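Protein chains in written order, with the numbering used here: chain A, 1 to 388; chain B, 1 to 388.
Calculated directly from the structure, the hints in this document are not laboratory data.
In this text, all values refer to a predicted model and were calculated from it rather than measured experimentally.
Be aware that one or more of the hints could be misleading.
Identical chains share a label here; the pair holds if one copy fits it or two copies do between them.
Calculated lysine to any residue pairs in the SDA-like style (CA-CA distance at most 25 Å, straight line) [claimed, not checked]:
| # | residue 1 | residue 2 |
| --- | --- | --- |
| 1 | Lys91 | Glu355 |
| 2 | Lys212 | Val280 |
| 3 | Lys212 | Ala261 |
| 4 | Lys247 | Trp328 |
| 5 | Lys79 | Thr95 |
| 6 | Lys212 | Ala263 |
| 7 | Lys247 | His304 |
| 8 | Lys247 | Asp299 |
| 9 | Lys336 | Asp357 |
| 10 | Lys91 | Pro368 |
| 11 | Lys336 | Ala242 |
| 12 | Lys91 | Thr77 |
| 13 | Lys336 | Gly306 |
| 14 | Lys212 | Ser259 |
| 15 | Lys336 | Val179 |
| 16 | Lys79 | Phe371 |
| 17 | Lys247 | Pro331 |
| 18 | Lys212 | Phe260 |
| 19 | Lys247 | Pro80 |
| 20 | Lys212 | Phe262 |
| 21 | Lys247 | Ala301 |
| 22 | Lys212 | Ser270 |
| 23 | Lys212 | Ala121 |
| 24 | Lys247 | Gly306 |
| 25 | Lys336 | Leu64 |
There are 2 protein chains.
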Amino acid sequence: MAEPNFLRPMTAPDAEKGKAAQFGPDSALALDAGRSLAPWSIAYMTYGTLNAAHSNAVLVCHALTGDQFVASAHPVTGKPGWWEMMVGPGKPIDTDRFFVICANVIGGCMGSTGPAETNPATGQPYGLSFPLVTIRDMVRAQAMLLDRLGIERLLCVTGGSMGGMQVLQWASSYPDRVVSAMPIACAARHSAQNIAFHEVGRQAIMADPDWKGGAYQLAGVQPSKGLAVARMAAHITYLSEAALQRKFGRNLQNRNGVSFAFAPDFQVESYLHHQGMTFVDRFDANSYLYITRAMDYFDLAADHGGSLAEAFRTTTTRFCLISFTSDWLFPTAENKRIAHALNAAAATVSFVEIETDRGHDAFLLDEPQMFGTVRGFLNSVASREGIA
Amino acid sequence: MAEPNFLRPMTAPDAEKGKAAQFGPDSALALDAGRSLAPWSIAYMTYGTLNAAHSNAVLVCHALTGDQFVASAHPVTGKPGWWEMMVGPGKPIDTDRFFVICANVIGGCMGSTGPAETNPATGQPYGLSFPLVTIRDMVRAQAMLLDRLGIERLLCVTGGSMGGMQVLQWASSYPDRVVSAMPIACAARHSAQNIAFHEVGRQAIMADPDWKGGAYQLAGVQPSKGLAVARMAAHITYLSEAALQRKFGRNLQNRNGVSFAFAPDFQVESYLHHQGMTFVDRFDANSYLYITRAMDYFDLAADHGGSLAEAFRTTTTRFCLISFTSDWLFPTAENKRIAHALNAAAATVSFVEIETDRGHDAFLLDEPQMFGTVRGFLNSVASREGIA
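When you get a sec, could you build the whole thing from the sequences and use the hints?
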């Protein structure tokens, strides 16, 4: 696909962050908070080729700490894309056949406008002056990006965790633009327990004196310790008790016996430390606050008079829901609620619960049953749409 | 019971902390870390009257953040004892009939020797120079207290969570001194997930600049923010997802709509903040480090060549295990492991799993089936022992 000429390539050092679509004062992004954002930009990556009919586009939505690098190396860490097992040539989301788009969410820190970006009105980083965003705002921004790309309808929208929330929001906000939707390991509302875990993470960040009320960039510091603690707490929720026991159990880290000290004796402690330390190198602390808050606020039924079915009342989208047995962050029960609501809306829906002990993170891992489900569903939808 | 005269009443402002037994250089406490503690003291409370045969003593062991005030008001908070529904005149652990002892654990901060106490060798608070303690050390200290009190055998040892770990350790270390044992909502080893949550809490404390490498007392500060975050994270694990949903759901705190800000919008957030704030007023941050570490290190099977049954090989103790269906911190599966090991050791054991949605904290709450089980078991044991 030739790049539309209104998309400027990002300049160095942003070049690695991929493409970004710029929106000026005439294209303000209206936010649920009652404010609007202008100018603003949305960074994204594409894989594969858009066909002549513009009918083979698949939008992938990323999770809390994900980004647009779904199928190519991360420019900061150099690690493979976060869903390379899922997206690529010959993969379940086959880029030989489909045009895949993945955009960094609004409020994020990989090139889309967020709290770490410069506020053009002040010339300083937004910090906490950045407006709170919602899942619906993220989706609204993506819709404006798709308008720019000349894509009216999406063959499929998919994503896991917060990505799944965006999938549900897409299907609800833009029923005519979504041929099929595949939300994975998600929920139609954030639970009390999940809000609680998010608040612990936020408090850990805000308790760090280097957070400086959100203005740490101006001070040339970052609340690394607080952000690492937030990541460590969250990471536990991404795994299952069984997986932690299987992977680490009570194994000691390079020791024959416990140290009788507070250094990490156990492998599981070293693992968590590693998760915390590597995270702070690639993620902005304020973005973490904003995006967790967006998830907390997500409650699709509440936006429709308390009826989740009402959120999908006129839908013609075909749905495929996927959950994992050991996911205690977004348990199968939450996915069943979505399935029931879709049934009540007379939608076309299939639901697959995958047996695994890997917890929530299973959606990012090598789960053959998930790959088979995604491949089969997409093939079926593509055939119905007459895509070669 | 007349107080033995070698027990000095604690002087003001410690008077409210109850009684304390002092041990001098000739009565050092040998620790698993290979060090010993002398002088040292153990603070405790008693309820009821020791009978002439000294055969009606029940030892209650407290949990991570508990203390000796099991059935009387806490001197700092003024709140009722933490198990007043369980212990008292006419209660399941009936102080009209039994002599109940509860001691603050070694490493604690309610009068027993711990990191916040003054090191007599230096005249300064121990801080991190305090040796690491284990569950076995806690129990060894309690055994020395019982020696002082002239109690050779315990009619029963009971407690929940870390208290239950002490119960198991008591039965294993001192099989001849324990007539019956009632561990509640516990495990014979700390799981990888539980170690991980503890490490998050410790990192939150150590990340607080007011922790000052553990020497905050000298600086006249305390790492309140870090300790509050640690408590908040831990508190989530004490409840169940269902209980949080039932109690709080997505209810807003004194608001009609979300604030689009980072103040606590949701009731569950306000609740967690309250838990964090009240905790720092009554608990020492270093004690929190030491006691969580003691729990992490607990692995009764590992101390017996990997065989939990071996830990109870010669036991004549009668066991009653209690777990709760929604406890994900110390799930029923862990309690079944204990039951299997006791069966393999040909011990007398009954096991009760109580249906509740309240999670781990159920052991502290109004759970009629738990009360009935405790009352029935204690009555039966007391009858066998010929106690009126």
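Of the numbered hints stated previously, which ones are contradicted by the structure, given in increasing order? Violated: none.
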